[in-house]
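Participant: Those sequence lines, one after another, are chains A and B.
First residue of the first sequence? That's 1 in this note's numbering, and the numbers climb one at a time after it.
First residue of the second sequence? That's 1 in this note's numbering, and the numbers climb one at a time after it.
Worth flagging that the hints you see were computed from the coordinates, not collected in a lab.
Hints may be right or wrong, so weigh each one.
In silico lysine-lysine, BS3-like type, Cα no more than 25 Å apart, as pairs [stated by the list, open to error]:
1) A:259 - B:368
2) B:277 - A:316
3) A:7 - B:255
4) B:360 - A:256
5) A:7 - B:86
6) B:444 - B:406
7) B:288 - A:316
8) B:120 - A:273
9) A:256 - B:120
10) A:189 - B:86
11) A:254 - B:360
12) B:403 - B:444
13) B:444 - A:254
14) B:444 - A:259
15) A:259 - B:277
16) A:42 - B:255
17) A:256 - B:31
18) A:256 - B:255
19) A:259 - B:120
20) B:288 - A:273
21) B:14 - B:31
22) A:42 - B:288
23) B:31 - A:254
24) A:24 - A:82
25) B:277 - A:254
26) A:273 - B:277
27) B:288 - A:7
28) A:256 - B:277
Which stretches of chain B does chain A cover? Using the computed rule of at least three CB atoms under 8 Å from a CB of chain A, they are [said to hold, decoys possible]:
29) 114 to 121
30) 347 to 354
Here are some of the chain B residues that sit facing chain A, going by a computed Cβ distance under 7 Å [stated by the list, open to error]:
31) 80
32) 319
33) 441
34) 445
If you're wondering where the values come from, they're calculated on a predicted model, not measured in any experiment.
Every residue gets a Cβ at the ideal spot worked out from N, C-alpha and C, and that includes glycine.
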Amino acid sequence: MNLEIPKTAYNGRIKEIRLGKGDKAVTVGGETCYPFYLFEGKMPNLPRIAMEVWDTSPEDWPEAALEPFQGVTGDPVAWARKCVTDFGAEMICLQLVSTDPNGLDRGADEAAAVVKNVAEAITVPLIVWGTANHDKDTEVLRKVAEVNEGRNLILGPVEEGDYKKIGAAAIGYQHTVIASTPIDINLAKQLNILLGNLGVRDELLIIDPTVSSIGYGIEYCYSVMERVRTAALTQQDNKLQYPLICNVAKEVWKTKEAKPPADGALTLGDTRKRGILLEAMSAMVLLLGGGDVLIMRHPEAIRLVQEMITELAAPKNN
Amino acid sequence: MPLTGIEIFKLLPKTNCGRCGEPTCLAFAMKLAAAKAELAACPDISDEVRAKLEEAAAPPIKLVTIGAGNRAFKIGGETVMFRHEKRFENPPGFALLIRDSMDESEISARLERFNQLEYKRVELTLRPELVAVKDESGDRARFEATVSKVKENTDASIILMSPSPDILAAGLKVCAERKPLLYAATRDNLEPVASLARQNSCPVVAKASTLDELARLTTQLTDSGVNDIILDSGARSLRQALEDQILIRSTALSKRFRPLGFPTIVFPGEMTDDPMKEAVIASIFVAKYSGIIVLSDFQGESLFPLLVERMNIYTDPQRPLAITEGIYPVGNPDENSPVLITTNFSLTYFIVSAEIETSKVPSHLLVKDTQGLSVLTAWAGGRFVADTIAPFVKKCGISEMVKHHKLIIPGYTAIESGSLEEELPGWQIMVGPREGAHIPAYLKTWQP
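Build out the structure end to end from the sequences listed, making use of the hints.
Facilitator: Have a look at this one:
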């Protein structure tokens, strides 16, 4: 018996999209094979990592996650600058946590002004993430879009319940849309179709499949992402041929496993390292599922994942 | 490829004798194809046909048992490339590396960690399976003593690692009944290592430096009567190692290429010196097809996430993990603490209990058996409605545990509150938030 290497029958390609503007704009997508199946196809643009910045001082972050950002967590502009200059962030994701109606409920004008200040302080692409409350996101993200006209922000989550108004604002003011659906390939496709009908151009759309962390259902996200990629690459499903974005850090660091164990159990090892590894490993699983943009928090977890990306795509010796 | 009923039928005697218990050969063939009958039931089948059918029926990736006793486990038997196509069958084993050149105290500390590191989750115990003992001293007595120590102090399944068949034999002598995995048969020592494996019925790793060479090696092993084989493709760069894992599986599954139809072993610790990086590399091989993952050390901070990831990835997509129905205390609830109810889908339970924990309001969480369905699905399917919730609340014993009789139901089941108040006289039904994330805010304002 002779060894015959099988080949996946690809017939599709992920669309390339350009995030942000100017020299520091980032291109993602363009894959012609499953994630890191580089013996079968190409990944012309390797996955990228955005560092998250909160628009308000986080109250529930474990010490390990706060420590690298000491002194800047109350100031989104300083925080974003630090991510870029100290940690080399290629993108920033501003999480508009303070606009949550169940929390601080900060208004749209104020939020949009913060986004503008951050956007002006950095040259790397800026992702702006709302609270997944349809009414509030509609109000806030429309304002954000307007005040930051022409910057090509990446705005989300845009969901079935609010896509028309946010989508229209994104089109009008030239931003990229994060099409967000709850872990379901059919809903993802449906929303992409709706956004397409609304007039969102292909190169201005990225899919958020909704992700979670290890221990909290990551297997569902992993499989939905794999199914999206299978449909996109082997079944010519052009409504799923978009890059994928994963807002993973906030899911990891809110779990009790990323915090000091309540019962002081020694079997869980070093709390700081465990948090970092939970973030890095969760991100890694999502990369294997097809993630193109990961929103991450801890600089050490980011370094680990970046090294994985580099090594998985390293030129071969032989 | 597995044969279809018709293909099998063509090979049967077509006598319709009925002695297999089926009325016709065709009916028997159909049952064989569906794996609902045994070939042995046919009295007239020729040896040649038997061999052909057995070959076709054998799983494309061999199921191999590693170890014996308490921590014995099976790997291989996989049938798909992606878990959503069916499921991943047998989770990879984690092995702790012990070098015989380490000093006694280090070895003891490692063995202690091996025994202590285990975790309860969704009523499962997560723990590692293996200790790999590596000959670095080149000293037979030292290797033997290290293996003895592992055997005496743990119930681990064992991997014996040495390039020397003599040293492997010395290790085998002290732990043969554990059926250790021999590492490794190579081009240079194939015959003596194969003979150790045969004599002791142990599985053996075949190690080569290319997939072609690996296939030749396993063919030689099977020809010599060794069938329980684990594959080491020799790759120690991450990119090549991942490629090999994928190609080994796809070649075995889609080409039915027997020489690579075995589970694999990987060594993340030989791809980096950084323990953090090693753990992330290991997480790649949990998802991508490894049978055994050898780690240079076990520490809680890395082993725990790996064990949980393994459980997640190997969860059957068609059978959600469920937890037992009952009353779960979160924090230290007392007779004035809030009472919430949710379903027994493990993820639902995890999220709800984590949010209650975040709220820092100790609570009683009632978990109703909905056969592993989430709140909305269970409600839609009639498993989480007033008719089923009320009897559970009555019999679970919560009435005696709290002074107040207020029950918080998930926001998505608000429509049930009226019928629930009718069916649970004396209880006040309160509609909680729809999303878990809003539980903390809700509980903070709760009054008994």
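Participant: Work down the list of hints and note, for each, if the structure agrees.
Facilitator: Going down the list of hints, with the structure as the test:
For a cut-off of 25 Å, the pair hint linking residue 259 of chain A to residue 368 of chain B is broken: about 28 Å separates their Cα positions. Among the hinted pairs, residue 277 of chain B with residue 316 of chain A is consistent with the structure: their alpha-carbon atoms are about 20 Å apart, no more than 25 Å. A hinted pair counts as satisfied when its Cα atoms are at most 25 Å apart, and residue 7 of chain A with residue 255 of chain B qualifies at roughly 10 Å. Simply put, residue 360 of chain B and residue 256 of chain A have alpha-carbon atoms about 12 Å apart, close enough for the 25 Å limit, and the pair holds.
Straight-line distance between C-alpha atoms of residue 7 of chain A and residue 86 of chain B comes to about 21 Å, which keeps the hinted pair within the 25 Å bound. A hinted pair counts as satisfied when its Cα atoms are at most 25 Å apart, and residue 444 of chain B with residue 406 of chain B qualifies at roughly 15 Å. Distance restraint check for residue 288 of chain B and residue 316 of chain A: the Cα-Cα separation of roughly 20 Å lies within the 25 Å cut-off, and the hinted pair is therefore satisfied. About 21 Å separates the Cα atoms of residue 120 of chain B and residue 273 of chain A, which keeps this hinted pair within 25 Å; it holds.
At roughly 14 Å between alpha-carbon atoms, residue 256 of chain A and residue 120 of chain B fall within 25 Å of each other, so this suggested pair holds. Of the pairs offered as hints, the one joining residue 189 of chain A and residue 86 of chain B holds, with about 22 Å between alpha carbons and a cut-off of 25 Å not exceeded. Taking the CA atoms of residue 254 of chain A and residue 360 of chain B, the gap is about 14 Å. The hint holds against a cut of 25 Å. Proposed proximity of residue 403 of chain B and residue 444 of chain B is supported: the alpha carbons are some 19 Å apart, at most 25 Å.
A C-alpha spacing of about 18 Å is found between residue 444 of chain B and residue 254 of chain A, which places the hinted pair at or below 25 Å, so the restraint holds. A distance of roughly 21 Å separates the Cα atoms of residue 444 of chain B and residue 259 of chain A; the hinted pair therefore holds under the 25 Å criterion. Proposed proximity of residue 259 of chain A and residue 277 of chain B is supported: the alpha carbons are some 21 Å apart, at most 25 Å. Annotation: proposed proximity of residue 42 of chain A to residue 255 of chain B holds, straight-line Cα distance about 24 Å (limit 25 Å).
The suggested pairing of residue 256 of chain A with residue 31 of chain B is violated, with an alpha-carbon distance near 50 Å, which exceeds 25 Å. The hinted pair formed by residue 256 of chain A and residue 255 of chain B fails the criterion: a straight-line CA distance of about 45 Å is larger than 25 Å. Under the criterion of a C-alpha separation no larger than 25 Å, the hint pairing residue 259 of chain A with residue 120 of chain B is consistent with the structure, at around 17 Å. The suggested pairing of residue 288 of chain B with residue 273 of chain A holds, with an alpha-carbon distance near 24 Å, which does not exceed 25 Å.
At most 25 Å may separate the alpha-carbon atoms for a hinted pair to count; residue 14 of chain B and residue 31 of chain B meet this at roughly 15 Å. Between the alpha carbons of residue 42 of chain A and residue 288 of chain B the distance comes to roughly 19 Å, so the proposed pair stays at or under 25 Å and holds. Restraint check for residue 31 of chain B and residue 254 of chain A: not satisfied, since their Cα atoms lie roughly 51 Å apart, outside the 25 Å limit. Of the pairs offered as hints, the one joining residue 24 of chain A and residue 82 of chain A holds, with about 16 Å between alpha carbons and a cut-off of 25 Å not exceeded.
Of the pairs offered as hints, the one joining residue 277 of chain B and residue 254 of chain A holds, with about 23 Å between alpha carbons and a cut-off of 25 Å not exceeded. At most 25 Å may separate the alpha-carbon atoms for a hinted pair to count; residue 273 of chain A and residue 277 of chain B meet this at roughly 11 Å. Using a Cα cut-off of 25 Å, the hinted pair residue 288 of chain B and residue 7 of chain A holds, with the two alpha carbons roughly 17 Å apart. At roughly 23 Å between alpha-carbon atoms, residue 256 of chain A and residue 277 of chain B fall within 25 Å of each other, so this suggested pair holds.
Check result for the stretch 114 to 121 of chain B against chain A: holds, 5 residues qualifying (beta carbon to beta carbon below 8 Å, three or more required). Note: the stretch 347 to 354 of chain B has 4 residues with beta-carbon separation from chain A under 8 Å; the three-residue rule is met and the coverage holds. Look at residue 80 of chain B: its Cβ only gets to about 11 Å from chain A, farther than 7 Å, so that hint breaks. At about 12 Å, the closest approach between the beta carbon of residue 319 of chain B and any beta carbon in chain A exceeds 7 Å, and the interface hint on this residue is violated.
Nearest Cβ of chain A to the Cβ of residue 441 of chain B: about 5 Å, under the 7 Å cut. The hint holds. Below 7 Å, beta-carbon pairs count as interface contacts, and residue 445 of chain B has none with chain A, the closest being about 11 Å; its hint is therefore violated.
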